[in-house]
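Engineer: Take a look at the letters that make up each chain.
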Amino acid sequence: MAVAGSAVLAMMILASVLAGWIAPQDPYDLAVLRLEDSFKPPGPPFLLGADSQGRDIFSAILYGLRVSLFVGLASTVLSLFMGVLAGLASGYFGRPLDTLVMRVADVQLSLPVFLIALVIMAVWGQGVLNIIVAISVANWVYYARTARGMVLAEKERDYVQAARAEGQSALSVMFTEIAPNIMAPVIVIATVRIANAILLEATLSFLGLGVPITRPSLGSLISRGYEVLFSGYWWMSVFPGVALMVLVLSINLMGDRLRDVLNPRLKR
Amino acid sequence: MSALLEVSDLRTWFRTRGGVVKAVDGVSFSIGGGEIFGLVGESGAGKSITGFSLVRLIDPPGRVESGRVLFDGRDVLAMGPRELRELRGDRVAMIFQDPQTSLNPVLGVRRQMAEALAYHGRGGGRRETERLCREALEEVRIPAPAERLRSYPHQLSGGMKQRVVIAMALLNHPALLVADEPTTALDVTIQAQVLLLMKRLCRDHGSSLLLVTHDIGVVSQMCDRVAVMYAGRIVEQGSRDQVLFDPLHPYTKGLIQCLPGLNESRARLYQIPGVMPSLLDLPQGCHFRDRCPLAGEDCRTYPEELEIDGRRVSCHRAK
Amino acid sequence: MPIYLANRVFHALLVLLAVSFIVFFIMYKAGDPVELLLPPDATQKQVEDLRAHLGLDRPFHVQYAAFLRNALGGDVGRSYIYNQSALEVVLERLPATLELASAAMILAVALGIPLGMLASLRPRSWSSRFIMFFSLAGISVPTFWTGMILILVFAVQTGLLPSSGRADVGLFGSFFTLQGLRYLILPAATLCLFQLALVLRLTRSGMMEVLLQDYIKLARAKGLPERAVLMVHALKNTLIPVITIIGIQFGELIAYTIVTETIFAWPGTGKLIIDSIQNLDRPVVLAYLMTVAVIFVGINLVVDVVYTFVDPRVRVH
Numbered sequence: 012m013a014v015a016g017s018a019v020l021a022m023m024i025l026a027s028v029l030a031g032w033i034a035p036q037d038p039y040d041l042a043v044l045r046l047e048d049s050f051k052p053p054g055p056p057f058l059l060g061a062d063s064q065g066r067d068i069f070s071a072i073l074y075g076l077r078v079s080l081f082v083g084l085a086s087t088v089l090s091l092f093m094g095v096l097a098g099l100a101s102g103y104f105g106r107p108l109d110t111l112v113m114r115v116a117d118v119q120l121s122l123p124v125f126l127i128a129l130v131i132m133a134v135w136g137q138g139v140l141n142i143i144v145a146i147s148v149a150n151w152v153y154y155a156r157t158a159r160g161m162v163l164a165e166k167e168r169d170y171v172q173a174a175r176a177e178g179q180s181a182l183s184v185m186f187t188e189i190a191p192n193i194m195a196p197v198i199v200i201a202t203v204r205i206a207n208a209i210l211l212e213a214t215l216s217f218l219g220l221g222v223p224i225t226r227p228s229l230g231s232l233i234s235r236g237y238e239v240l241f242s243g244y245w246w247m248s249v250f251p252g253v254a255l256m257v258l259v260l261s262i263n264l265m266g267d268r269l270r271d272v273l274n275p276r277l278k279r
Numbered sequence: 127m128s129a130l131l132e133v134s135d136l137r138t139w140f141r142t143r144g145g146v147v148k149a150v151d152g153v154s155f156s157i158g159g160g161e162i163f164g165l166v167g168e169s170g171a172g173k174s175i176t177g178f179s180l181v182r183l184i185d186p187p188g189r190v191e192s193g194r195v196l197f198d199g200r201d202v203l204a205m206g207p208r209e210l211r212e213l214r215g216d217r218v219a220m221i222f223q224d225p226q227t228s229l230n231p232v233l234g235v236r237r238q239m240a241e242a243l244a245y246h247g248r249g250g251g252r253r254e255t256e257r258l259c260r261e262a263l264e265e266v267r268i269p270a271p272a273e274r275l276r277s278y279p280h281q282l283s284g285g286m287k288q289r290v291v292i293a294m295a296l297l298n299h300p301a302l303l304v305a306d307e308p309t310t311a312l313d314v315t316i317q318a319q320v321l322l323l324m325k326r327l328c329r330d331h332g333s334s335l336l337l338v339t340h341d342i343g344v345v346s347q348m349c350d351r352v353a354v355m356y357a358g359r360i361v362e363q364g365s366r367d368q369v370l371f372d373p374l375h376p377y378t379k380g381l382i383q384c385l386p387g388l389n390e391s392r393a394r395l396y397q398i399p400g401v402m403p404s405l406l407d408l409p410q411g412c413h414f415r416d417r418c419p420l421a422g423e424d425c426r427t428y429p430e431e432l433e434i435d436g437r438r439v440s441c442h443r444a445k
Numbered sequence: 002m003p004i005y006l007a008n009r010v011f012h013a014l015l016v017l018l019a020v021s022f023i024v025f026f027i028m029y030k031a032g033d034p035v036e037l038l039l040p041p042d043a044t045q046k047q048v049e050d051l052r053a054h055l056g057l058d059r060p061f062h063v064q065y066a067a068f069l070r071n072a073l074g075g076d077v078g079r080s081y082i083y084n085q086s087a088l089e090v091v092l093e094r095l096p097a098t099l100e101l102a103s104a105a106m107i108l109a110v111a112l113g114i115p116l117g118m119l120a121s122l123r124p125r126s127w128s129s130r131f132i133m134f135f136s137l138a139g140i141s142v143p144t145f146w147t148g149m150i151l152i153l154v155f156a157v158q159t160g161l162l163p164s165s166g167r168a169d170v171g172l173f174g175s176f177f178t179l180q181g182l183r184y185l186i187l188p189a190a191t192l193c194l195f196q197l198a199l200v201l202r203l204t205r206s207g208m209m210e211v212l213l214q215d216y217i218k219l220a221r222a223k224g225l226p227e228r229a230v231l232m233v234h235a236l237k238n239t240l241i242p243v244i245t246i247i248g249i250q251f252g253e254l255i256a257y258t259i260v261t262e263t264i265f266a267w268p269g270t271g272k273l274i275i276d277s278i279q280n281l282d283r284p285v286v287l288a289y290l291m292t293v294a295v296i297f298v299g300i301n302l303v304v305d306v307v308y309t310f311v312d313p314r315v316r317v318h
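Protein sequence lines correspond, in order, to chains A, C and G. Residues in the first sequence are numbered consecutively from 12, following the numbering used here. Residues in the second sequence are numbered consecutively from 127, following the numbering used here. Residues in the third sequence are numbered consecutively from 2, following the numbering used here.
For reference, chain A alone in the conformation it holds in the complex (with noise of 0.2 Å):
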């Protein structure tokens, strides 16, 4: 299952990285695009039909795709980057850094991580820029907390205190020694993360709150098929639909399988 899944993945990947060459038309240049082509169903030269515009959703999936993947990703690793970092510091050097970086967690971690990102996004405005840095700010408090943990407890062991007494620079422990032998449960937690950051971003712009509407992410697409649904185009929103659960499913499934695979809990 789970090989099938990263099967899926890999292709969609792919898929989004080629979209350039692979889709049948390009779906930004306004010049390809005939108005009498609107609303065309799935069928050739259309495979899953056209939108309002005479845009060949087959190529705006594709080049959704992409978006969704780069923000997913992009927030994920700076997420991961953020928490870890301030984890990092706030379990190695302890108060009063720590205190104040817990405290900021705790507040943060009171609200929902949908209203958080959303309330950035409404102050903020769209942009991908944007929406990377809010889902980022969103979720790095997950890292934080669990670096921070590792930190506290790799601290007093040996290796550290072996490299202390060579005169190794706190900030060079941090890095060098400490830092790789904590990434292991925080690569768990971006697996789980980085399906909830594509949904997040699907979702926000869904919402109109999200990407910009010159780079549509997946979210996008569907909010534009959600308006002339019950018109009957289904089209425009069930098959970005189907994709984006595709990508989820599968890496999800990926996850799942590394998840069962690293967790030490359940071997006896």
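Hints are computed from structural coordinates only; laboratory data are not their basis. Treat the hints with caution; some may be incorrect.
[To be verified] Per the computed footprint, the stretches of chain A lying under chain G, defined by three or more beta-carbons under 8 Å from a beta-carbon of chain G, are:
no. : stretch
1   : 206 to 214
2   : 239 to 245
[Unchecked claim] Below are the EDC-like pairs computed for lysine to aspartate or glutamate, each with C-alpha atoms no more than 20 Å apart in a straight line:
no. : chain 1 : residue 1 : chain 2 : residue 2
3   : G       : Lys218    : C       : Asp185
4   : G       : Lys218    : C       : Glu212
5   : G       : Lys218    : C       : Asp224
6   : C       : Lys148    : C       : Glu168
7   : G       : Lys218    : C       : Glu209
8   : C       : Lys325    : C       : Asp341
9   : C       : Lys325    : C       : Asp367
[To be verified] Far from chain C, by Cβ distances over 10 Å, these chain G residues were calculated:
no. : residue
10  : Tyr29
11  : Arg59
12  : Phe61
13  : Arg70
14  : Arg94
15  : Pro115
16  : Arg130
17  : Leu137
18  : Ala156
19  : Ser164
20  : Ala222
21  : His234
22  : Ile246
23  : Ile249
For clarity, every value in this text was computed on a predicted model and none was experimentally measured. Note that beta-carbon positions come from the ideal geometry of N, C-alpha and C, so glycine has one too.
Please build the complex by placing chains C and G on the supplied structure of chain A, with the hints as guidance.
Structural biologist: Relative to the frame of chain A, chains C and G by itself:
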């Protein structure tokens, strides 16, 4: 007089991805009423699994493959689920190795003890149950038993927890107590206490005790009869005096030699050379062959069990 | 115990204060509503007058202090759009949201826990695998899409259920009338899917870990029937961590009503917040965020306290 427990050719195998692990491979012994029987061997020898197999407490991928376990004349391995449930905790009770994990952390002591009674139809009414539990705790010498009943496991020390487990096991006056390394996880200072407590209680209740342990010292203090296990099989069994003071099997001899006597001074501690083979990769013939100082060509075939003097041993050299 | 409680309450208040500050700060920076409220040809004087009238020309800390003072008295400002107290605007619509959220949570727990337990007992059986696949799909689909598909199938194609709106049944009435339920069921199902899958997976993994423990083995060795082993010994240990998660997830659930209410035109606070954001109706946004923060913090507090009752190891006696 027929024995309380008669085990014949018991085999418990684990089917793993790496192959079939024959943890218990043809074990036979018997325990009489009121007898304390020691099952001794290194870790991995299969003694704990033997203990669990007696009441079919084997989780997959393990399975009791074949054999007979006659308890009071009835074959445990052929029992239906209802009969088995009636047997467990009532006629045969178990004590596990680690008291820290034996008790459910989110249920109170009273609750856990009471259910041992309730599910076997004893202790009608709250007062009666309370009394029986309190008396059981008194028997195992737990101070302030009434308070302890109201406690939760995490509020008790390791030694106390194990006493609770023992008390719980004895609530229904079982005919057989199976104790799997009951003191290994306890502080050395209280190990002796708990062991002697168990011995006394068994004598008082007239229960038999199957004591599974790796510690020969314990066996010599506690047991009437002993069986020595190695790599899934019993290599020697007999009365305590016979096995410990006049061992016939080279492995038994080696084990006894390993014991440092407190009053001797020796230059070096004796160790049996080598390690017990992996159960996935046993040598052809006698399992002890590769480590045995007396091994010969004939050891390529597994030695038949010989009966000498009312004791049993599996070794070509034991004549 | 009282000390612990006081501690948690104090902590909660601190969090609320911090939230109020951040929220106010963001809104302050967010944009000038005055421009929106006046016709484009308004004179500069009119703009300034309105600004002064709304108190928007005072320095930040003054505005914040005033805000706090008023907030404690229950006044978070007046909606620029609805000529009403912002708090009133929010509170009027809150019951509908709570109704939807609790329906979803109840569904998620009532289905998720039993299914999770089932899936944990024979992990390799076909039914378990099916349940697990379904739960994986459940966390892979965005809420809004679930809603769309449900509407498509149940409302548009088959006409079985209404596609939007809420029955006119008064406070929390949707639970008690057939008509109310008809309108409630699709949005609640949409909202609950993700949580159901989550609860299911948590229960399953928790159960599987618990079933490996020694005390379970000893319970069986005592002769307990399997039913008792599962429901008495295993379940309690499994559910304790699940309770905390459910508490937190209820907060997320309320947040996601924003999406569900938009799709189903459910008259709650979700649609309100989206509109208010677009219209820069600052007081309403503030009122919403503060209300919702109070609810979340309250839920966390309740969960903390409940936890001490449920897990004997953390009881503060």
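Engineer: For the pair supplied as a hint, Lys325 of chain C and Asp341 of chain C, confirm whether the alpha-carbon distance does not exceed 20 Å.
Structural biologist: holds (16 Å)
Engineer: Taking 10 Å as the cut and beta carbons as the points, is Arg59 of chain G off the interface with chain C?
Structural biologist: Given that every Cβ of chain C is farther than 10 Å from that of Arg59 of chain G, nearest at about 56 Å, it holds.
Engineer: Beyond 10 Å from chain C, beta-carbon-wise, is Tyr29 of chain G?
Structural biologist: Holds: least Cβ distance 48 Å, greater than 10 Å.
Engineer: Tell me if the straight-line CA distance from Lys325 of chain C to Asp367 of chain C falls inside 20 Å.
Structural biologist: holds (18 Å)
Engineer: For Ile249 of chain G, is the shortest CB-to-CB distance to chain C above 10 Å, so the non-interface label stands?
Structural biologist: holds (21 Å)
Engineer: Are all C-beta atoms of chain C more than 10 Å from that of Phe61 of chain G?
Structural biologist: holds (50 Å)
Engineer: Taking C-beta pairs only, is Ala156 of chain G more than 10 Å away from all of chain C?
Structural biologist: Holds: least Cβ distance 45 Å, greater than 10 Å.
Engineer: Against chain C, does His234 of chain G hold up as non-interface, every C-beta pair farther apart than 10 Å?
Structural biologist: Given a closest Cβ separation of 5 Å, the condition is violated.
Engineer: Is the claim that Ser164 of chain G lies outside the interface with chain C correct, judged by CB distances over 10 Å?
Structural biologist: holds (46 Å)
Engineer: For the stretch 206 to 214 of chain A, do three or more residues have a beta carbon lying closer than 8 Å to a beta carbon of chain G?
Structural biologist: holds (count 4)
Engineer: Verify the proposed pairing of Lys148 of chain C with Glu168 of chain C, using a straight-line Cα cut of 20 Å.
Structural biologist: holds (16 Å)
Engineer: Is Pro115 of chain G truly not at the interface, in the sense that its beta carbon sits beyond 10 Å from all beta carbons of chain C?
Structural biologist: holds (20 Å)
Checked against the numbered hints given earlier, this structure breaks hints 20 and 21; the rest are met.
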